[in-house]
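Peer 1: Spelled out from the first residue to the last, the chains are:
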Amino acid sequence: MSLPPATGAVELASFQQHVHQFLVQNKRLDGRPLDALREPHILRDSKGGDGLLASTLYTDNTGMCLNCTVSGVFGPPPSDQPDEGRLTVDVAAPFFQSHSTDQVAAALREVARFVRSTIISCMDLTELNIINGEACWVLQVELVILNADGGLRAAALHAVVAAIHNMLLPRSRLPNGDEVESRRLRFHTIPVAVTIGVYKLGASGVRFLMDTNAAEESVVDGLLTVVLSDENGIITFVQSGSYSISSLLLTGAVNEFALRSAALRAAILKPSVAAAKINGSKNSVTDPHPLKEG
Amino acid sequence: MQYQRAALVIASPALTQREVEFTKSAWLAGLRPDQRTAQQMREVSVEFPLLSRDVVVVRCGGSVVTAAIATALVEPTPQRPKHGLLHFSVRRLHTERDSPAADGSTQKNLVAFLERLVRTGGVIDTAGLCVLPGQKVWSLTVDVTIMNDEGNCNDAAVWAVIALLMHHRRPELTVRGSSVIVHPPHEREPVPLSVQHTPLPFTFAITMAPTEREKALNHQRALSATGSSSGPQPSSGVGNSIDTASAFAIDGTSPQPLGVVVDPTTAESLAAASSIVVAINAEGQVCTVVKAEGCSIHLKDLNACIEAAGTLAPRVLDLIKVAMEAHDERRKTAMKGQFAWAQKRSGVGKVEQACVKKIKTET
Numbered sequence: 001m002s003l004p005p006a007t008g009a010v011e012l013a014s015f016q017q018h019v020h021q022f023l024v025q026n027k028r029l030d031g032r033p034l035d036a037l038r039e040p041h042i043l044r045d046s047k048g049g050d051g052l053l054a055s056t057l058y059t060d061n062t063g064m065c066l067n068c069t070v071s072g073v074f075g076p077p078p079s080d081q082p083d084e085g086r087l088t089v090d091v092a093a094p095f096f097q098s099h100s101t102d103q104v105a106a107a108l109r110e111v112a113r114f115v116r117s118t119i120i121s122c123m124d125l126t127e128l129n130i131i132n133g134e135a136c137w138v139l140q141v142e143l144v145i146l147n148a149d150g151g152l153r154a155a156a157l158h159a160v161v162a163a164i165h166n167m168l169l170p171r172s173r174l175p176n177g178d179e180v181e182s183r184r185l186r187f188h189t190i191p192v193a194v195t196i197g198v199y200k201l202g203a204s205g206v207r208f209l210m211d212t213n214a215a216e217e218s219v220v221d222g223l224l225t226v227v228l229s230d231e232n233g234i235i236t237f238v239q240s241g242s243y244s245i246s247s248l249l250l251t252g253a254v255n256e257f258a259l260r261s262a263a264l265r266a267a268i269l270k271p272s273v274a275a276a277k278i279n280g281s282k283n284s285v286t287d288p289h290p291l292k293e294g
Numbered sequence: 001m002q003y004q005r006a007a008l009v010i011a012s013p014a015l016t017q018r019e020v021e022f023t024k025s026a027w028l029a030g031l032r033p034d035q036r037t038a039q040q041m042r043e044v045s046v047e048f049p050l051l052s053r054d055v056v057v058v059r060c061g062g063s064v065v066t067a068a069i070a071t072a073l074v075e076p077t078p079q080r081p082k083h084g085l086l087h088f089s090v091r092r093l094h095t096e097r098d099s100p101a102a103d104g105s106t107q108k109n110l111v112a113f114l115e116r117l118v119r120t121g122g123v124i125d126t127a128g129l130c131v132l133p134g135q136k137v138w139s140l141t142v143d144v145t146i147m148n149d150e151g152n153c154n155d156a157a158v159w160a161v162i163a164l165l166m167h168h169r170r171p172e173l174t175v176r177g178s179s180v181i182v183h184p185p186h187e188r189e190p191v192p193l194s195v196q197h198t199p200l201p202f203t204f205a206i207t208m209a210p211t212e213r214e215k216a217l218n219h220q221r222a223l224s225a226t227g228s229s230s231g232p233q234p235s236s237g238v239g240n241s242i243d244t245a246s247a248f249a250i251d252g253t254s255p256q257p258l259g260v261v262v263d264p265t266t267a268e269s270l271a272a273a274s275s276i277v278v279a280i281n282a283e284g285q286v287c288t289v290v291k292a293e294g295c296s297i298h299l300k301d302l303n304a305c306i307e308a309a310g311t312l313a314p315r316v317l318d319l320i321k322v323a324m325e326a327h328d329e330r331r332k333t334a335m336k337g338q339f340a341w342a343q344k345r346s347g348v349g350k351v352e353q354a355c356v357k358k359i360k361t362e363t
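Line by line, the protein sequences give chains A and B.
Under UniProt numbering, the residue at position 271 of the first sequence is numbered 271, and the numbers go up by one with no gaps.
Under UniProt numbering, the residue at position 63 of the second sequence is numbered 63, and the numbers go up by one with no gaps.
Rather than coming from a laboratory, the hints here were simulated on the basis of the structure.
None of these values were measured; they are calculated from a predicted model.
Among the hints, erroneous ones may be present.
To be verified - Listed below are the simulated DSS-like cross-link pairs for lysine-lysine, each with C-alpha atoms no more than 30 angstroms apart in a straight line:
| id | chain 1 | residue 1 | chain 2 | residue 2 |
| --- | --- | --- | --- | --- |
| 1 | B | K300 | B | K24 |
| 2 | A | K200 | B | K300 |
| 3 | A | K200 | B | K82 |
| 4 | B | K321 | B | K336 |
| 5 | A | K27 | A | K200 |
| 6 | B | K215 | B | K24 |
Claimed, not checked - Output of the computed footprint for chain A on chain B, the stretches with three or more beta carbons under 8 angstroms from beta carbons of chain A:
| id | segment |
| --- | --- |
| 7 | 52-64 |
| 8 | 302-313 |
Quick reminder that beta carbons are idealized off the backbone N, C-alpha and C, glycines included.
Input sequences plus hints: build the corresponding full structure.
Peer 2: Here it is, written out as structure tokens:
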């Protein structure tokens, strides 16, 4: 599921025809080649206070803007796994038009489920355990989609990974007076995700669009979401759409992304240079135009 | 069919844990707890129990799934006036094994998977369900009930939905201007739905992470090396080279741990490190692949799953088609039996047969 593209005053059908004309000539709206990724820029703020443990702002150069905040509270562990902690993910999109509310809500639920299952696959939840069967950390991840431009699953996952990686659970006190030592969360593997569009080019063949935006997602015939680990193992793989793909094309698409996953992982984990400025002034945390490095 | 007790024993967590441990030990020895091979499915049967074409029962071993479909002429949504409606609902009969705190997350996931496969995947073209744009479209409602869950219920549910969409017939219509005449089945033959392609999903359980599997293989190789060196004939070396690339390899000389198993039972699902769902259509192309939770897998494991599903999909599709033909034969026999009395008597006045389904003529 994808969120509908914001076409402004242009009708959706005309906008799709415009995108079709570009794709037939192997070009894209934003001038990227077919196999190029959009570079993410992630700003971090880890001041804490009021239970807020981490906050990141995810942007890239075509308008995707996501705010991710992680809060930690104490709670009981799940009854079926008493030695694990809990992780909840909520996704909100307050700036979308209301005529497709059910479609937007369904897409947001899918994004939340995707992010939660992928994070659980990459992180050991027993690190959040405090007292076996009685007390654990409950990480509450809240994602606010300020602007969506395709690749929503990948962007949401990157924002959450940047927030949770090396996050410090502070030294705290349980309601019964017990001291809880501080702890630093770690992923045993850092996931990177991409959304690949499958565009059927008449009868001659098929084109793969790496890191689709919203306009391309509304015209492609299939969508892949691939999440790779440090050793390029597949953590999550979701493929859907009306076009049926042979396994050779699937293998080629995954290998093409594996070549670029190291650079993308470095971009996600890069500490932001503007963090010192953000620590000084609180108003610039929600700046939609972040400063570019270099 | 094996004898089933009237009341199932409540499986305690300790028994479940023992089953999980036994399953993992069996996988390390290259076996499965119910003595199936890695690519072997349980006995699958597809049946249309009623004479009408809107109920199907799919059994996969001990898992039983029932699906029913209903069609209705409704007004379309204002946003999409030229598209019909598709609704899926999944229910699960409550058993003593289910905990009271269990939410409906598995049912919601199955409904989302069905929506993604049937609607987004293009099994049913919703534009083909339009009768009058903006006024009347067909609405299909599919109700899936999981009667018994012994693993792999999601696959059986989707097979039931696909079989139902292939076999169901809607009434024929005559459109004159803005008036629609719905013909009952005794006037005109009902019309089948336009099914574009038939994706059939198969669930695979990844027994352990690939790194752990390689450790187990190295351990077994070391054991076989020490065994051969301490044997009475040290000159004859073990010449078997273990092929780690094949996830389904079953060697007779020395058992290797299983990598990927198809059609996991409940215990195997709990013991598995990860699971993959691959939906393959009749042409052997991949319609949907979902690998959500668990450990990371290699790309060759994913390709092995796709190849295995490619060999299993035609068998299940043949089962569905055979069940459809058998049901058509049964319907013909029953229809002939209905009028057998007329051949024995003569001179009886013609009696108007009441239609089983009450379908209104709308003008």
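Peer 1: Each hint: holds or not?
Peer 2: Taking the hints in turn, this is what the structure says about them:
With a C-alpha separation of about 22 angstroms, the suggested pair K300/B and K24/B falls inside the 30 angstroms cut-off, and the hint holds. Restraint check: the Cα-Cα separation between K200/A and K300/B comes to about 26 angstroms, which is no more than 30 angstroms; the hinted pair holds. Restraint check for K200/A and K82/B: satisfied, since their Cα atoms lie roughly 24 angstroms apart, inside the 30 angstroms limit. Between K321/B and K336/B the alpha-carbon distance is near 23 angstroms, which keeps this suggested pair within the 30 angstroms criterion.
Using a Cα cut-off of 30 angstroms, the hinted pair K27/A and K200/A holds, with the two alpha carbons roughly 14 angstroms apart. Taking the CA atoms of K215/B and K24/B, the gap is near 15 angstroms; set against the 30 angstroms cutoff, the hint holds. Using a Cβ-Cβ cut-off of 8 angstroms, 0 residues of the segment 52-64 of chain B lie near chain A, which falls short of the minimum of three, so the contact claim is violated. Note: the segment 302-313 of chain B has 4 residues with beta-carbon separation from chain A under 8 angstroms; the three-residue rule is met and the coverage holds.
The structure shown violates just one earlier hint, number 7.
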